[in-house]
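Residue numbers (the working numbering), protein chains in the order written: chain A, 1 to 192; chain U, 1 to 532.
Among these hints, one or two may not hold up.
[Said to hold, decoys possible] Reference excerpt, derived from the structure (chain U facing chain A, CB under 10 Å, subset only): (1) 15; (2) 16; (3) 18; (4) 334; (5) 351; (6) 355; (7) 451.
In short, the hints are calculated from the structure, not lab data. Just so it is clear, CB atoms sit at the ideal spot from N, CA and C, and this is done for glycine as well.
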Amino acid sequence: MEIPDSENGGPRGPSAPDVAPDSEIVALLTDHQVAIRLYVHSLMPGDSSALDVVQQTNATLWQKRGDFELGTNFKAWAFSIARYEVLNYRKRQARDARLVFNEDLENVIAEELPNRSGDFDSRREALAACLAKLKDSDRNLIVHRYFKRAPLAEYAEQVGRSVGGLKVTLHRIRNALQKCIQQNLLTGEARP
Amino acid sequence: MKPQERSELIDALLDGAISEADFLRLEAELHVDEKARRDYYERLELTTLLEIQAEAEAADLEERIVPMPATGRRTAWFATAGIAAVILGAIALLSVVWAPDPAGGPLAAKIDSRLEPSATGFAVLTNQADAVWDSGGALTEGDLMPQGDLHLTSGVIQVEFFSGVTVILEGEADFTIHSPMEMSVRRGKLRARVPAPAKGFRIRTAEGELVDLGTEFGLDVTEQHSEVHVLDGEVEWSPKSEAMRRLAKGKAIRSGNGGGTVELSAQPGAFIDATGLEEKRAAVRASRRSAWLTHSRELRRDSRLLAYYPFDQPAHWNRTLTDESGSRLDGAIVAAQRSTDRFGFPAGALDFSPTGSRVRVNVPGEHRSLTFLCWVRIDSLDRWYNSLFLTDGHELGEPHWQIMDDGRLFFSVKKRDATKKQKDKQVFYSPAFWTPALSGRWLQIATTLDLDARKVTHYLNGKILSEEAIEDEYLVEIVRIGPASIGNWSDPSRDDPHFAVRNFNGSMDEFAIFGTALSATEIAELYENGKP
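Chain U extracted, bound-state conformation (with noise of 0.2 Å):
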């Protein structure tokens, strides 16, 4: 189609007058072209803006414009014609646009679920160190904080509180926070950096209560005594019992739990700080890779692996994935750029959401058994099917493995082509798990097919998801691969118009396949010397 042509059809389509040939024409232009979709687009935001404009301006409008003036107005126009629309729209609509969907549609409970905060919480865990906590669970950084008193056995972890305070804390600390601006600490050393917005941060400790006037501060609460100095700026100490006392920058004053208060100074080296927090994970993360690399190594000669893609190689202009399993199935690295691996390691990982990211691999062989696994943080799952691993287009014997937009996990071989009334495949879903909440979390992901056994496993961090037996009707004698992409579905031209181009949003780091189902304990021994 030439431009001038697109452009007539485009505007035909904003005009609401175009023949559905032409509409049809115009849609396959749009879906293959970026070009074309940036013409739609511009052309879009033209008669968009001009029936604004038009409406801004219907109260002037005889017979001939009378352009607006440029200033002044720019914040009004929208305010007094759009504002009171929005508004009364909403007042006016709600009975009759949000009434209750009939059905209860599958599509109005998604988005609904989607809307709902997932958790609730003043303040998030963004980095930590050997973090212990006494109740032996584990909290990841991103993770909101949970509500109650807290006991951090050892270890440092940095807070950022909703309004803005960053405190770190060492361990042993018993804490509790009550809001974004209050907390109270029964024990343990924190530094403070108390933004102006944020000013008026309160800690309550058994000695007394700190009121920040906007700088950042020390604390040390021990059984005996609380100490408070101040690093920058000013604070208002209030022991108990004592009058308020105004410290400023340099400053520090303890004061015992029996009563009585000493003046002391600052001492700014005695608190860890953001720095200091960074190097020492950064110490551990070095460790946890290179003790993983150990694993990875021995992983290398498992001769059951049919390609092992560690994703360890760090030079960018490098676009090739090297297959370390020593089949030589090195992938072809396409769009996808080298991003931060789980460790914390630079460009040890690979983001597919640049559009049309993959990673091209051809694996030969025919297999009665499969496992595919592979660290993953997901950005988001804005397509309905988000590739993981994905044979060309969708042959017989072929394997299809993705993530829903609502997070289950998705397997499937194909087993015939469909009719109107058999299916192609059976579709193995895990159960959701994946939620926003976990958006930039590193997960190991894995799948087993077994055809011996008849089923097929959902793993997530070395568990199980599901598990589900494959129907009579569906079971294959052979599955096979052959070309595939990693990371994204190539041939999107056959069969189902319904997959497309879906790159996954978001990073691999390690992507191995077997040629053999592992069991539940290997996939669990694989988590515990993978994860970061």
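The shape of chain A in the complex, shown without the other chains (with noise of 0.2 Å):
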């Protein structure tokens, strides 16, 4: 008893049974979206090419869709095909290479990520009212530093304060938000 040889990828017709219709991938590709780019960001840290490896990411995966199966994990196919997205950029960058974890911490990230929680939505629901708390200055620090990009020293000009100094208040408002988030979340306070 012979069991059939694989057939081709590529997106097959909507009488396959196991083959996601396109909606569907995109689907879940927009509740991926955070994890993805989580999951670069990990391998990735402080590279801000790394939204450029989330669109690539994003391209391949929808340009390989016809050979994900539904019923099976998203998920984990959307990650192998990021970090294959990752290694290709390096390979291409290879020149400039940047700071990179080795392997064994890679693979470590690889199993332990995929199994944290995934809901983003309420962590960004908390996320948006702790924002709200804070202090008009520090408020000003964080639009800077993510909802402008530009270089610190370019703020602390602006401020008369030192990059330094910055940095320190930067991750002491980190702190804070990430304190707040989880009290939020444990409070539901954030939540409507």
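Please dock the two separately framed chains into a single complex, following the hints provided.
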């Protein structure tokens, strides 16, 4: 009794039951954006090219959507492609290699990260509520760092502080936000 | 490293402003400390969410943050900015990103092969008892049902269609699966459960066509007639050359092959159900297990055994893995948990998937030949090296036995310390034998080392996978084991940083080490005696 050879990949007709329709893939892609992004960031911490790699990952996932079978683990599939894209990116960038975690650590991350809670919606709600509670000067610093993505030095000059001092402040604000989010999630305070 | 300093370094890392020295310190800390990694993940989540929040708000932003209303836009926030980017990005980047790698990199090939579906089919065999197929071949639980005409000579099988329909079929049966929603039966008795999403499931017989309306029914097809028994819900039965009839629960109908239809009442007891099949299967397995136990008791007396762990000690609290070879080389179970063995017996195997899992053993002596043999159920090969049996560290004359992430068996004995010019050992790889399609399947794996015959042989399920000569330059005088781990590698701080904690992701059942190279016949025999 022979099991037939594997079919070639690529989008198959609607009669093939195990292939997700495009709408389904779009929904899965949408649902997993934060997770994919987080994973790519985890492998490329502090690298501003991470978002390009996320986009490439999305592109590849989309292109290879015919290979994905509904009911299998989308996250695992997406992460394996994301990792490949990170490696691919590094290969292309080999000349100005950045600091990169050793492979063992990356393997550990690849193993652990998918198991963390994937409920980013409620964390994001909590974050929004916590941001609102920050005092103005702190919020401005966050705006500068994340919303404008401008160099800290520029802002340091603008507000008349040292870059080192701003770093310390940023660190403190992040700690405060993290604590606030945890508290909000526990008490449900951030929820309407 | 103090938590405060660590958290500052994590921030510096995420801001892309970390020095190389600090990076290496932090990396080392992350590697060994789970708590440090948790801090890293949490911070990463915060900064990623801040970034995403920033993008979503970008339009509204001038000098201050307007917190996003927590409801209403939850699904919209990504949909607007994100999905357009995904799709446009996908289209725009396709040519650039997926431009064929000129080098045709092995990694690309590897990923590609992983993504390739390994088989096609419409349904999976999920359970069976004594199933015998006409072709003489065998299907294992988890196998996709082959396409084309199938002939089950005897036994019972449970087939789950991708539509959600479950069919339990008793041999002798002739049938064909056409799609997740359709099959035809020429002969045989089946019970089908059709959940609401699979409403419309269709079975064709010589006498007519049955369309299910979301229910459970029995069907008995013989050369003379087709009998439909509605056990729950409702079905439509369209006999050849007669009008369609709707049958409700409790009704049954018999259509003869020469025409003519008789109404009966349904007999649920006439069709074996999932519980019945499970009982049958349990009985079969119990008898196989007791047959194996008989052989295993015989094996325990084999003086060539260095150590023998039948894994046959169900007590959860017992963290000692008893050596039954008589050498009293009991192993210490670390982290690994009891799991179901290959005969379906609870707690008769060990699951090595929890991080850090291993069984610590110490096997003394010096040998000219060795045989490693075990039964494994591989969940996935997600590490580069998936440990079966490795001596601590990697000292001269010590064997390492593991599986590569591409499904090849790996065996080596260290000959010398590696230098820039010389490798430290010859690695004996089998061809790739494992694909994700085998996930969850029990397999017997064995490898023999014979220094006198100068060869290493790999086996899968009692058959030779590959045989390779030991090159002169890597031939050692003696192999020794000493302290070692089953299912993991200990002492990762030494030598080659490429090897680290690499626990086996799956379960093991029975592990034997012989101080001699068993023959192919002996290994085949062990497979026959031990197969579930």
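Hints, one by one, checked against the model:
For residue 15(U), the interface hint holds, since its Cβ comes within 10 Å of a Cβ in chain A; the closest pair sits about 6 Å apart. Below 10 Å, beta-carbon pairs count as interface contacts, and residue 16(U) has one with chain A at about 3 Å; its hint therefore holds. Evaluation of the residue 18(U) hint against chain A yields a held restraint, the C-beta minimum of about 7 Å falling below 10 Å. At its closest, the beta carbon of residue 334(U) sits 18 Å from a beta carbon of chain A; the interface hint therefore is violated under the 10 Å criterion.
Among the interface hints, the one on residue 351(U) is violated; its C-beta lies about 16 Å from the nearest C-beta in chain A, farther than the 10 Å criterion. This hint holds: residue 355(U) has a C-beta 8 Å from the nearest C-beta of chain A, less than the 10 Å allowed. A hinted interface residue such as residue 451(U) counts as satisfied when its beta carbon comes closer than 10 Å to some beta carbon of chain A; here the least separation is about 32 Å, so the hint is violated.
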